[in-house]
Amino acid sequence: NAGVTQTPKFQVLKTGQSMTLQCAQDMNHEYMSWYRQDPGMGLRLIHYSVGAGITDQGEVPNGYNVSRSTTEDFPLRLLSAAPSQTSVYFCASRNYANEQFFGPGTRLTVL
Amino acid sequence: KNEVEQSPQNLTAQEGEFITINCSYSVGISALHWLQQHPGGGIVSLFMLSSGKKKHGRLIATINIQEKHSSLHITASHPRDSAVYICAVDFGNEKLTFGTGTRLTIIP
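Line order of the protein sequences matches chains A and B.
Using my numbering, read the first sequence as starting at 49 and increasing by one per residue.
Using my numbering, read the second sequence as starting at 17 and increasing by one per residue.
None of these hints come from the bench; they were simulated from the model.
Incorrect hints may have been included.
Examples of chain B residues toward chain A, derived with CB under 8 Å [unchecked claim]:
| # | residue |
| --- | --- |
| 1 | Ala-47 |
| 2 | His-49 |
| 3 | Gly-58 |
| 4 | Ile-59 |
| 5 | Ser-61 |
| 6 | Met-64 |
| 7 | Lys-111 |
Listing some non-contacts, in silico: residues in chain B with all C-beta distances to chain A over 10 Å [said to hold, decoys possible]:
| # | residue |
| --- | --- |
| 8 | Val-43 |
| 9 | Lys-69 |
| 10 | Lys-71 |
| 11 | Leu-75 |
Every residue gets a Cβ at the ideal spot worked out from N, C-alpha and C, and that includes glycine.
Just chain A, with the same shape it has in the complex (with noise of 0.2 Å):
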């Protein structure tokens, strides 16, 4: 199993531009998540879901859309970026006995 993949690793995006943050997994977990970790902090929850078709809001869900049309997709996309969304972004997803599985991180600078 390849685990959580999260794509790209490494992105720069000027304010106001829009991207998508890639995240699958291939372990069949209906929970999915998005978090970022900023200095300081711990990390905060962005969005979460249940299962195909139902996403939530977390703790810091302003300027970020999720939605997940499959179980192994996951991708958060930022609608106009802001240098306060520089960050490092993990998406992670849990089992069934609630253990949880991190992706390798995607770390954002917005300039």
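Using the hints, position chain B against chain A.
Relative to chain A, chain B alone:
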């Protein structure tokens, strides 16, 4: 408010020392996770606990539900243990609340 606090924030020790990292939380939980993040790297799950104690190799995790406290211990520490260790708590709402992490440096 559901809160998670870790201590210490930073810890430097000599190779071979016994390491303890602490995590305290504010209210009752359904599970607590210990995670490891190497510099520039991804996040790996080490343990998930809801009670008692778990051991994997040189790593031991304990949780005291009454005191709302968990510890991660590393025996015979090694430079490759240098990483950030993160405590994450499920307060029963299926979402994780994360501590800010403990940066561990093991000096040869």
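Practice task
Please flag the earlier hints that this structure goes against, numbers listed from lowest up.
Solution key: Going through the list in order, the structure violates no hint and respects every one.
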